[in-house]
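There are 2 protein chains.
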Amino acid sequence: MTLTNQELRDRFAPFISRRDADRHINIFWETQPSAFSEPGKQFIELSGGMPHTSFFPIESMSVNILTAPGSTDTINVPITHETPSSLALKHTLQYALSEGFQPLIDFVRAFVTRLGNVPQYDPSLWQCLIANGSCDSLFKIFQTCTDERSVVLVEELTFVPVISNILATGAKVVPLKLSMRDDDQGIDTTYMEDLLANWETGPYAAYDRPKFLYTIPTGQNPTGLTQSVDKRRKIYALAQKYDFVILEDDPYGYLKFPKFNHEKPMENPYISTEMTTEQYARDVLMTSYISMDTDGRVIRFETFSKIFAPGMRLSFVILNNFFYEKLLKFQEITTRQPTGISQQIVYSTIHAMAPTKNTDDVIEAWLHWIMKLACSYTDRRNVMLDALYNSEAYKRGLYSVVEPSAGMFIIVNVNVDEKRAPVIQQMDELIRVMDKHGVRAILGYKMAVDREFSKDHLNFFRLTYAYADNHEQLREAVTRLSDSVVEYLA
Amino acid sequence: MTLTNQELRDRFAPFISRRDADRHINIFWETQPSAFSEPGKQFIELSGGMPHTSFFPIESMSVNILTAPGSTDTINVPITHETPSSLALKHTLQYALSEGFQPLIDFVRAFVTRLGNVPQYDPSLWQCLIANGSCDSLFKIFQTCTDERSVVLVEELTFVPVISNILATGAKVVPLKLSMRDDDQGIDTTYMEDLLANWETGPYAAYDRPKFLYTIPTGQNPTGLTQSVDKRRKIYALAQKYDFVILEDDPYGYLKFPKFNHEKPMENPYISTEMTTEQYARDVLMTSYISMDTDGRVIRFETFSKIFAPGMRLSFVILNNFFYEKLLKFQEITTRQPTGISQQIVYSTIHAMAPTKNTDDVIEAWLHWIMKLACSYTDRRNVMLDALYNSEAYKRGLYSVVEPSAGMFIIVNVNVDEKRAPVIQQMDELIRVMDKHGVRAILGYKMAVDREFSKDHLNFFRLTYAYADNHEQLREAVTRLSDSVVEYLA
Chain A
37 MTLTNQELRD RFAPFISRRD ADRHINIFWE TQPSAFSEPG KQFIELSGGM PHTSFFPIES
97 MSVNILTAPG STDTINVPIT HETPSSLALK HTLQYALSEG FQPLIDFVRA FVTRLGNVPQ
157 YDPSLWQCLI ANGSCDSLFK IFQTCTDERS VVLVEELTFV PVISNILATG AKVVPLKLSM
217 RDDDQGIDTT YMEDLLANWE TGPYAAYDRP KFLYTIPTGQ NPTGLTQSVD KRRKIYALAQ
277 KYDFVILEDD PYGYLKFPKF NHEKPMENPY ISTEMTTEQY ARDVLMTSYI SMDTDGRVIR
337 FETFSKIFAP GMRLSFVILN NFFYEKLLKF QEITTRQPTG ISQQIVYSTI HAMAPTKNTD
397 DVIEAWLHWI MKLACSYTDR RNVMLDALYN SEAYKRGLYS VVEPSAGMFI IVNVNVDEKR
457 APVIQQMDEL IRVMDKHGVR AILGYKMAVD REFSKDHLNF FRLTYAYADN HEQLREAVTR
517 LSDSVVEYLA
Chain B
37 MTLTNQELRD RFAPFISRRD ADRHINIFWE TQPSAFSEPG KQFIELSGGM PHTSFFPIES
97 MSVNILTAPG STDTINVPIT HETPSSLALK HTLQYALSEG FQPLIDFVRA FVTRLGNVPQ
157 YDPSLWQCLI ANGSCDSLFK IFQTCTDERS VVLVEELTFV PVISNILATG AKVVPLKLSM
217 RDDDQGIDTT YMEDLLANWE TGPYAAYDRP KFLYTIPTGQ NPTGLTQSVD KRRKIYALAQ
277 KYDFVILEDD PYGYLKFPKF NHEKPMENPY ISTEMTTEQY ARDVLMTSYI SMDTDGRVIR
337 FETFSKIFAP GMRLSFVILN NFFYEKLLKF QEITTRQPTG ISQQIVYSTI HAMAPTKNTD
397 DVIEAWLHWI MKLACSYTDR RNVMLDALYN SEAYKRGLYS VVEPSAGMFI IVNVNVDEKR
457 APVIQQMDEL IRVMDKHGVR AILGYKMAVD REFSKDHLNF FRLTYAYADN HEQLREAVTR
517 LSDSVVEYLA
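Chains as they are written, first to last, in the working numbering: chain A, 37 to 526; chain B, 37 to 526.
Check the hints yourself; a few may be wrong.
Note that identical chains are pooled: a pair holds if it fits in a single copy or bridges any two copies.
[Unchecked claim] Here are the simulated EDC-like pairs of lysine to aspartate or glutamate, each with C-alpha atoms no more than 20 Å apart in a straight line:
id : residue 1 : residue 2
1  : 431       : 523
2  : 472       : 81
3  : 482       : 368
4  : 277       : 331
5  : 208       : 56
6  : 270       : 229
7  : 77        : 519
8  : 77        : 508
9  : 77        : 512
10 : 126       : 109
11 : 77        : 505
12 : 208       : 184
13 : 482       : 66
14 : 472       : 74
15 : 267       : 319
16 : 126       : 505
17 : 267       : 218
18 : 267       : 230
19 : 277       : 244
Read the hints as simulated data drawn from the structure, not as lab findings.
All values reported here derive from a predicted model rather than from experimental measurement.
Okay, chain A solo, but in the shape it has when bound (with noise of 0.2 Å):
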């Protein structure tokens, strides 16, 4: 049937927690735009507690701009209350609306529907909302969709504090086995399928069924997978059979790679093909869930952490009409409005990037710089394989290696001895004779959801090639691991 707002609501009104009831906006302003039209006369707003713009001490700002992930050559972008019109500091500093300005708004929809990461329902069914970061918005879904009788499956190894905040109310979190071979990375969907088909009769039978899944689908934290465009198109298969909900946590897609080369290790096809953004976008990117989502059952978190500065705190939520409605009212009375000023500055650094206004050629140009963003992140993706390849404990086969094709992670399993003492115990011991040599890593363990569960799955450190100054450093880190592996283990 066709997707209206009605059947949204019906639909997914059962995907509401019990918090959500409670959460009533008292709007006291007036949000209806005046009638009032006079020749020569301005109608006057005593309304806002808002101050003048007179009384901001910012007359102007300009920022310079890299014309190239690493680059040197700058391009000056200024900034006043006036300019550029489409968003101007004189709105950008002052109280704004929550769901962020209009002109971000448009250009974040046009940059998502040139990829294709828009569901394929009635466009007017479904809304990009600009938020303070991924974090903050899983955070708010998560109270306003679960609570005591939720249950939301997770990928066994996953981002931590996204776990705090579905135990914070009150749900119940089922780990999904994942699998690390290089031609099935992620979720292990032989696995999930019996979970789903025989959950009455499963581990979890004490619990109500799923009603969200929480992935990373490309290059997941902490393990570096990436599920295939096949394994996505199973798992959506799954949600519609089992009636769950996709979050799709998506901060790694931009940072995509080819894959990695034996024979010539260093070999960057980003370079070596003069990969054009067309053939990025086409042959590269992997296709999103919501890209396949034909019910309004995905809500897709991007964010601008990755491809343009952390300190930003800016992202978005590509939701349909119904959650979208929930999520801003919530972000109205907390968050209240996203930064205004990293909007500002997010917004005309992408502008200036490109050569015209056109929205088509601002895309080009944004796509342009996290195309290039991906090729200096596959080259250093490059170095730390070929070192961990030709590291001394890999060659004494002290650990193995799990290939990313996308993202800033890479996972080593260390073969410790499970007779000798508990696989925590000794990554525990290993990490400080790393600290000893000089290098830190994340421990693996500690982005288990549930370690019994996991337990094959304790033995890993997770490594970031995304921090280092250079490829030298890079090097540098896995000599002092491998050393450590080597001087713990052998």
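Knowing the structure of chain A, use the given hints to seat chain B on it.
Relative to chain A, chain B alone:
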């Protein structure tokens, strides 16, 4: 007895909601610095999923700041990845600590200490927490502290979005009567004392005794009322006697005005006395609740929204260590950190206002800016009061005015005839007449917590003098208001 962290925990544990007990943070990263130290070798971090700074599109920026509100003189403030060295872009664009950047925390702490807006107990037992706006911090405090068992005292007319946040936790709100007499502005302490002394036989006997008072003590929203120091002392004594916590929301505290002079309406003592910041701080600014606090029972909310710009979404909370840990933990898994770029701009701007980087000089410069703002607001308040007192409707006794000595708001009580029609209906009709005349204000009844309780206070409009373009527009607005009231009532 001397306050200690243990004593704070014991004393305030009963002020924590059952929700907080469900809030556990999964910290998966190492929080201790490494002990690694080897000459000529640098410790290498592969832990944090942070982009290298060369991936941020911003190379540098510069902000042109005003030397005084409304001035056209500007100072150029350069900000680069390395400067100012105390807080540089490479840090503020990056992921950072949830409590805010230490240099900004230090400044804020020194600033409130200079003004005496700090508790009386041991300085090691309280903190300044940087946050994303007071609205969000209040939301987080209520989530942390209140639940179905809780009762919160509030002014009968208040900033109602906060009420939404209290009710959303399941807590009850109990309105307190407001006195609008010039010589007794704000919470009616006789009523309050009686209510508390006879709680078990009073109108709210079915509720537990209140654990919190939420108050806007200076330039209250919507009434513009400012509580005298005596009143504050009485209320603090009640807080001690009946053991409740005071949530002091003080967005307007710095916008404090000398009393309106009916003989010389445009008199502005900031100008006529060439007021110094010393006099402003000592004689004009109000004594805050937190400055009276010996017990840890005041939590103070300050914001940069009214004295810098709302679009920064930057604020801070002054609170004891026990509540601090709770609120910080909540920030960590939600908004994650106050916007870095906002902290950068606010910090850099304030420091650029001073002739040296000496903290006393920076405090003095910022105080000077704030005092100039208060001076401009005094002019605007004077203009609007003068226009109101000279308006046709006032002269015909159709409305009265409550004189503010702080903030952004004046309320006008319209003398509607209750026999003619319900007050709310008449106010709704009147605002439509105002719309026809080209002016809009806030309907006071929409800011009542309980319309039955406040049935004698439903006949007012909240006007702001903050937002008008100039004094002429303020006068024109009042003329239109007056014309509307005359047309409707006469």
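Right, here's what the structure says about each hint:
1. 431 with 523: within (14 Å within a copy, 91 Å between copies)
2. 472 with 81: between (65 Å within a copy, 13 Å between copies)
3. 482 with 368: Between copies only: 17 Å across, 34 Å inside.
4. 277 with 331: For residue 277 and residue 331, the Cα distance is within 20 Å only inside one copy (12 Å; across copies 58 Å).
5. 208 with 56: This pair counts as both: shortest intra-copy Cα distance 18 Å, inter-copy 17 Å.
6. 270 with 229: So residue 270 and residue 229 pass the 20 Å test inside one copy only (9 Å; across, 65 Å).
7. 77 with 519: between (78 Å within a copy, 15 Å between copies)
8. 77 with 508: between (67 Å within a copy, 13 Å between copies)
9. 77 with 512: between (70 Å within a copy, 10 Å between copies)
10. 126 with 109: The answer is between: 18 Å across copies meets 20 Å, while 29 Å in one copy does not.
11. 77 with 505: Answer is between: at 14 Å across copies they meet the 20 Å cutoff, but 60 Å inside does not.
12. 208 with 184: within (7 Å within a copy, 22 Å between copies)
13. 482 with 66: between (49 Å within a copy, 10 Å between copies)
14. 472 with 74: between (77 Å within a copy, 9 Å between copies)
15. 267 with 319: within (17 Å within a copy, 70 Å between copies)
16. 126 with 505: Answer is between: at 13 Å across copies they meet the 20 Å cutoff, but 38 Å inside does not.
17. 267 with 218: within (13 Å within a copy, 71 Å between copies)
18. 267 with 230: within (15 Å within a copy, 67 Å between copies)
19. 277 with 244: Classified as within: same-chain Cα gap 16 Å, cross-chain 48 Å, threshold 20 Å.
This entry satisfies every hint, going by the numbered hints stated previously.
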